[in-house]
Amino acid sequence: MTRAFLDDVSAERLAALQEQNLELSRLVAELRNEAALRTQFLSNISHDLRTPLTAIITHGEILRDGILGELTSRQKDSVGGIIGGGRQLLDMIGEILTYARGVAHQLTLTRTEFSIDSAIEQVCALNESLIAKKKLELTVTIEPSLPALYADRDKISHILGNLLGNAIDFTLPDGRVWIRCSRGASTERGHVLRFEVGDTGIGIAPEHHDLVFREFAQVDASASRQHHGTGLGLAIARKFVELHDGRLWVESMLGQGSRFFFTIPVRSAP
Amino acid sequence: MLPHILLVEDNALVIGALRLLLEETGHRVSDASTIASAARVLRDDPPDLVLLDLTLGGEDGLSLMNSVDATSGVRPIVVALTGHDDSETFARCTAAGCRAVLVKPIAPMKLKGQIAEWLAERTVV
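Heads up: the sequence lines are chains A and B, in that order.
For the first sequence, our numbering puts the final residue at 286, and the numbers step up evenly by one.
For the second sequence, our numbering puts the final residue at 513, and the numbers step up evenly by one.
Hints are not guaranteed to be accurate.
[As the list claims (entries may be wrong)] Taking lysine-lysine and the DSSO-like style, the derived pairs with C-alpha atoms no more than 30 Å apart in a straight line are:
#1 A:K149 <-> B:K500
#2 A:K150 <-> A:K92
#3 B:K498 <-> A:K149
#4 A:K151 <-> A:K92
#5 A:K151 <-> B:K498
#6 A:K149 <-> A:K92
#7 B:K498 <-> A:K92
#8 B:K498 <-> A:K255
#9 B:K500 <-> A:K255
Just so you know, these hints were derived from the structure itself, not from any lab.
With the hints as constraints, model all of the structure from the sequences given.
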């Protein structure tokens, strides 16, 4: 083979590789664009669904609160059903949108420094009426002098709210639910806070532990009928934990309650 | 004279629900579904309080704040209405000069109580 022939082959290969490179860059840009369009579409749909629901719920609450005149107790129950259904749909739309953003890698963290006590207190207050309705006992144990977290407070509250909500949903009346927060074992990357949300509820068989974190999955159809979820709650919670470089897992046996754990690395504010 | 509330919102169903609530609880209500029409109300019939939706079709509700600042007489109190319960939205609204941010759907009795408080604040000022 002559030198000229080899040069020709190299030039040809180089040109082909450059062309392939261009084609790949174009495909990547196209996929990114498609993902952005899909998220935008879901965001628009979500807004369009939320708006009429907002009107339905507000009308229902105007009636329930007696602003247009007192209702009988049966009328109040009926209007309460409209409001409850509407609020459940709103939550589900919110979950679907959050999940879509996660799939499109469009979830980001807005970190601020906050005390974990206040975040846990807020989540407990939001669930107070549900806990009272089911006559559950809630205990909160927070190790003294924990460092402040530099994390996304909304997302940490969402994780805790989701886990506590599940604990309440899947625990029979007169049961116990709890939240614990303590220093976790230090790793080479520093300290972590370790959270536990537990209950004395129906529990999860070990072979289903992975399934509960999968999208659209619910282990027990009868339980899911009562739970009314999208099947996205734990998948979103895990995504939020992983965005913080933490880990979320479950320890549970069927009929013996569940304990969900997650860790959040402690970072200092810049 | 009844307190005047300007409701800036682009969905007729939501306007209907909030107008009913506000009128039944003793307020005079104007509504506007675009920034331009809201700015006209601010100029011609200044309200005591503005309930401002952040998403108005393709427009950013907060772009009304310039017209609010230019209102003759006492500056109306502006309260943002949003479907997004996140700290970023709260920070953006507060920085733009909103008195508060309410996440829709707003509980009627809570809104009634808060409006009374905001209007009382404005009278004192």
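Against the 30 Å threshold, does the CA-CA distance of K498 (chain B) and K255 (chain A) hold or violate the hint? Distance of about 34 Å is beyond 30 Å: violated.
Straight-line Cα separation of K151 (chain A) and K498 (chain B) no greater than 30 Å?
Given that 30 Å is the threshold and the Cα spacing comes to 27 Å, the pair holds.
Keeping to a limit of 30 Å between CA atoms, is the pair of K500 (chain B) and K255 (chain A) held or broken? violated, 38 Å
| Given the hint that K149 (chain A) pairs with K500 (chain B), does the C-alpha gap stay at or below 30 Å? | Between K149 (chain A) and K500 (chain B) the Cα gap is close to 27 Å, so the pair holds against 30 Å.
Distance restraint between K149 (chain A) and K92 (chain A), which requires alpha-carbon spacing of 30 Å or less: holds, 18 Å
- Query: Is K498 (chain B) within 30 Å of K92 (chain A), Cα to Cα?
  - Reply: holds, 18 Å
Within a Cα-Cα threshold of 30 Å, do K498 (chain B) and K149 (chain A) meet the stated pairing?
holds, 22 Å
Agreement of K150 (chain A) and K92 (chain A) with the hint, judged by alpha carbon distance not exceeding 30 Å
Holds, at roughly 21 Å.
Regarding the pair K151 (chain A) and K92 (chain A), is the alpha-carbon distance no greater than 30 Å? holds, 23 Å
Hints 8, 9 from the earlier list are contradicted by this structure; the remaining hints agree with it.
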